[in-house]
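Trainee: Below, each chain spelled out in residue letters.
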Amino acid sequence: MKVKRDQVTGLVLVALGIVIFIMTSQFRKPMTLEYPGPKLMPSIAAFGMVVCGLGIFIKGCRDKDGGKIPLSRQGLLRVIITFAALCLYIFAMKYLGFLIVTPFLVFGLTMYFAKASGVDVKIWAVALFAVAVTGIIWAMYVPLFGMELPIGELFE
Amino acid sequence: MLSYLPYIFSQLIQPLNLLLMVAGTAVGIIFGAIPGLSGTMAVMLFMPLTYTMESSTAIIFMLALWIGGCSGAFIGSVLLGIPGSASAVATCWDGHPMAKKGQASKALAIGMTASFLGTFFSAIIGGLLAEKVADFAFAMGPWEYSALCLVAMTMVLAISKGNMFKGLASTCIGILLATVGYSPVDAEPRFTFDNMYLLGGLGMIVVLTGIFAVSHILVTFGKGFGKPPEVSREGLKGFGLTLRDVKEELKTIITSFLIGLGIGFLPGMGSGLSNLVAYSTAKNGSKHPEEYGHGAPGGIWAPEVANNAAIGGAMIPMAALGIPGDSTTALLIGALTIHGLEMGPMVFKNSGNVVYLMFVTVAVVAALVLLMQALCKRWFPYILKVPSWFMYSALLVICLASAYVDSGNLYKCGMMMVFAAVGILMSLSDLPASPLILAFILTPTLETKTLQAFQSVPKWTEFFTRPVSGVLMVIAIICIFSPIIKPLFGKLKKKKA
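Just so you know, the sequences run in chain order A and B. Per numbering that gives the first Met the number 0, the first sequence starts with residue 0, numbered consecutively. Per numbering that gives the first Met the number 0, the second sequence starts with residue 0, numbered consecutively.
Incorrect hints may appear among the rest.
Here are a few chain B residues that sit away from chain A, every Cβ distance over 12 Å (derived from the structure) [as the list claims (entries may be wrong)]:
#, residue
1, 17
2, 352
3, 362
4, 388
Here are a few chain A residues that face chain B, going by a calculated C-beta distance under 8 Å [claimed, not checked]:
#, residue
5, 32
6, 69
7, 92
8, 108
9, 140
Derived by calculation from the structure, the hints in this document are not laboratory data. Where a beta carbon is used, it is the ideal one built from N, C-alpha and C, also for glycine.
All chains, please: the whole structure from these sequences, using the hints.
Mentor: Set out below in structure tokens:
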């Protein structure tokens, strides 16, 4: 039997609702009819998730297609690679700072995005764009609006 | 209100405010025009920039982004046949066919003029009505506020076609995310896992930018950007509209304006719905409904007047009650709180000058948008041809910079990536985003008011026995079950027929 998207979504929501319900029950302040306290909203959220999860699951079982994932396997891989690149960027920024790491990220992403779209872009144009974007964003946040961007632990 | 005019005027003519108004409007139009981006995303991304600004400057900048975004959405609809945002879906149906007939200039001119009329007059009416609504709101207790928040959160569900469980699930996720950190009234830590970064809550920028902006860009890339669209520049000379054209459609304009204003005023509703309702009303009331869908001018006037009139409508409950009319006003309420402006009836007493500055700014920006669009019309095709690979890589960096600036530490950037993952999973599961945004922003108010209500009278029945809150609670319950009730009514009607 093929597992459908909505069935998985429903089950995940039910499981999440149950976990939240258990966590909520551990709050110190009790929930009473006279005063529901801090448990009220998380309990509503948990209850809602379980009910909706069951509803989505049942609907998923009834529907013929049960919802299709709007991404191909290749598309999903592209999402994961970009996501990983952004995580790596945050990690690198911690040590090297915004100004050093950002041009590499913008360059890499722009090249990757263009390649994946089947477009040839000139390397020098992308490099120029990467430096310009970094400079503009830095100028906008730091000198213009007086905010801070990561300097990098190695340079602090 | 007249006593505030010198203050409002002095703020609007300040060089920095003027500069940011023009810049915000231009950026907003670009974000509105490009399919996939929106005025809401522009407000979200640039909001952290306003943290160091004075509140009046910040308000002017954010409103310019919002109004520019709302008004620019028709450009993609007319020239590409792809709406810039949900508020311009109906504009495609006649805007693009008209452009294909070689009347792109006229279609764009109708869009611009309609946007101006809708925004300008709704801002004026909003400014005149908001304080009256606020006076009424003084009589409201925590029961009524709780019920109103509930209505705002559930009304979105009423329009989620055949998607009730998913809409409700998205609302529940929003509620859950809003409960992280110390609870209001009792100050009990919830879902903090002894992490000091979570004690103060998740933070609006981190959650919303992660779930909406970053995940949206990644999923769009996953689906494939494609090559930039081919957009014809032919027939874009001149303004393309005469006073006679406006007079011919006056009835449609007025009807659509009232529809937009009314729908905008309803909590939780917004321009996404108003343009569709106004379009179908205009088509049904037209002497030549067969022309709709083939480039009828009324098919552009109606949605564009209505979606922009929803702006002024949405600002009334935002200012007077602190309840958002749509997801962008929800964001603005959060942003204004950061600037020390707690929206609600008291704001007219404490900061009336700033509230009226908001309404006047919207009217001024509406005129500015018309001017900028009229002058730059022939360059609109270039906006739509911006290659996605350049645009989205730069936007991702802005998203991460926003998260860092919001909190001053990279931990929140990491947290934003977690929410980006949540957003991607939501998108893959087809869970809608709007209910989450409203629930996340409204839950703190809903929870505080509900607990205050229980502290005053420890009975849950009080929510149903008080007349106003009782009616609102019934509306909220109907909204939750409306996707089930509506088809049942339809079946009953068919049986009777």
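Trainee: Can residue 69 (chain A) be said to touch chain B, with a Cβ gap under 8 Å?
Mentor: Holds, about 7 Å.
Trainee: Per the CB criterion, is residue 32 (chain A) less than 8 Å away from chain B?
Mentor: Holds, about 6 Å.
Trainee: Beyond 12 Å from every chain A Cβ: check whether that's true for residue 17 (chain B).
Mentor: Fine: 16 Å to the nearest Cβ keeps residue 17 (chain B) off the interface.
Trainee: May I ask you to test the interface hint for residue 108 (chain A) with respect to chain B, counting a Cβ-Cβ separation under 8 Å as satisfied?
Mentor: 4 Å, holds
Trainee: Go through the hint on residue 140 (chain A) and say holds or violated, using the shortest Cβ distance to chain B against 8 Å.
Mentor: 6 Å, holds
Trainee: Does the claim that residue 352 (chain B) lies outside the interface with chain A hold up, using a Cβ gap greater than 12 Å?
Mentor: Answer for residue 352 (chain B): holds, closest chain A Cβ roughly 24 Å.
Trainee: Classify the label on residue 388 (chain B) as holds or violated, using whether its beta-carbon is more than 12 Å from each beta-carbon of chain A.
Mentor: 3 Å, violated
Trainee: Per the stated criterion, does the least C-beta distance between residue 362 (chain B) and chain A lie above 12 Å, as a non-interface residue requires?
Mentor: Holds: least Cβ distance 27 Å, greater than 12 Å.
Trainee: With 8 Å as the cut and Cβ atoms as the points, is residue 92 (chain A) at the interface with chain B?
Mentor: 6 Å, holds
Hint check: a violation occurs at hint 4 only; the rest are consistent with the structure.
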